[in-house]
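Colleague: Sequence:
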Amino acid sequence: ELLIAVQIETQQAVDNVEEILSVKGIDACYIGPYDLALSMLGSSPDWDNPRYLAAFDKVLAASAKIGKLAGMFTSPDNIGWAIKKGFKFNTVGAADNFLIEGAKEALEKAHVAQGKK
1 ELLIAVQIET QQAVDNVEEI LSVKGIDACY IGPYDLALSM LGSSPDWDNP RYLAAFDKVL
61 AASAKIGKLA GMFTSPDNIG WAIKKGFKFN TVGAADNFLI EGAKEALEKA HVAQGKK
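When you line the sequence shown up against the numbering used here, it's residues 1 to 117, in that order.
Watch out, some of these pointers could steer you wrong.
[Unchecked claim] Calculated lysine-lysine pairs in the BS3-like style (CA-CA distance at most 30 Å, straight line): (1) K88 to K109; (2) K84 to K65; (3) K116 to K104; (4) K24 to K68.
Note that these hints are calculated values from the structure, not bench results. Nothing here was measured: the structure is a model prediction, and the numbers come from that model.
Let the hints inform the model, and build the full structure from the sequences given.
Modeller: Here's what the structure looks like:
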């Protein structure tokens with residue numbers, strides 16, 4: 001089986017999310033918060049910006065109304081927020097970030113073992 005998910009990453013997509021999710025064959029939507037912030041705010045995500053946060057609420061409301069899954073890209077720091085909001089189709093971090101963090105942890109353990117820390 002195929003899962004067809006559309007990305008909601010622009011103000012235009014947020015404005016038209018009900019129509020987008022109404023297309024036959026679409027199963028879910030997924031917010032890229034960094035791309036959405038760049039489109040809406042011209043910057044990184046501003047989790048205190050009411051207009052930015054309202055976009056997430058609008059996507060969730062449309063997905064609930066139409067009966068489609070909504071998800072988003074998250075980090076270990078905001079996955080709890082996303083789940084509490086109602087996002088159910090989420091990723092937590094990216095492979096390159098996990099690789100970097102794992103390498104840092106291994107290096108720190110090696111330094112501790114050598115008495116350097």
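Colleague: For each hint, tell me whether it holds in the structure or not.
Modeller: We went through each hint and held it up to the structure:
1. Between K88 and K109, the direct Cα distance comes to roughly 35 Å. Violation of the 30 Å bound is thereby established for this hinted pair.
2. A distance of roughly 18 Å separates the Cα atoms of K84 and K65; the hinted pair therefore holds under the 30 Å criterion.
3. Our distance criterion of 30 Å between C-alpha atoms is met by K116 and K104, whose separation comes to about 15 Å.
4. Restraint check: the Cα-Cα separation between K24 and K68 comes to about 11 Å, which is no more than 30 Å; the hinted pair holds.
In this structure, the one hint that does not hold is number 1.
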